[in-house]
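Asker: Put together the whole structure using the sequences plus the hints.
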Amino acid sequence: MPYILIQVTDEGVTKDQKEAMIAGATDLMVKVLNKDPEATFVVIDEVNTDNWGHGGEVVTKRRQREAAKKGAAK
Numbered sequence: 017m018p019y020i021l022i023q024v025t026d027e028g029v030t031k032d033q034k035e036a037m038i039a040g041a042t043d044l045m046v047k048v049l050n051k052d053p054e055a056t057f058v059v060i061d062e063v064n065t066d067n068w069g070h071g072g073e074v075v076t077k078r079r080q081r082e083a084a085k086k087g088a089a090k
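With my numbering as the guide, the letters of the sequence shown map in order to residues 17 to 90.
These aren't lab readings, by the way, just hints derived from the structure by calculation.
Since this is a predicted model, take the numbers as computed values, not measurements.
All clues given are correct.
BS3-like mimics (lysine-lysine), calculated; alpha carbons at most 27 angstroms apart, straight line: (1) K34 <-> K51; (2) K31 <-> K47; (3) K31 <-> K51; (4) K34 <-> K47; (5) K34 <-> K77.
Answerer: Quick look at the structure:
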């Protein structure tokens, strides 16, 4: 029984995109491992950018800083 966890940030992934990820991950298990799609579980975990960091900084702040730099460069 495959259990697939997909983690994405909660920044606008649409319902259609989630459905496509679930279908695609299930199809991968069927094609590559010959698994039964009815026994394949896919969970999409949407992670808030305040809940993880990169380079010692909360991702929300990092992205805000990078967006400000891009705005100033225009």
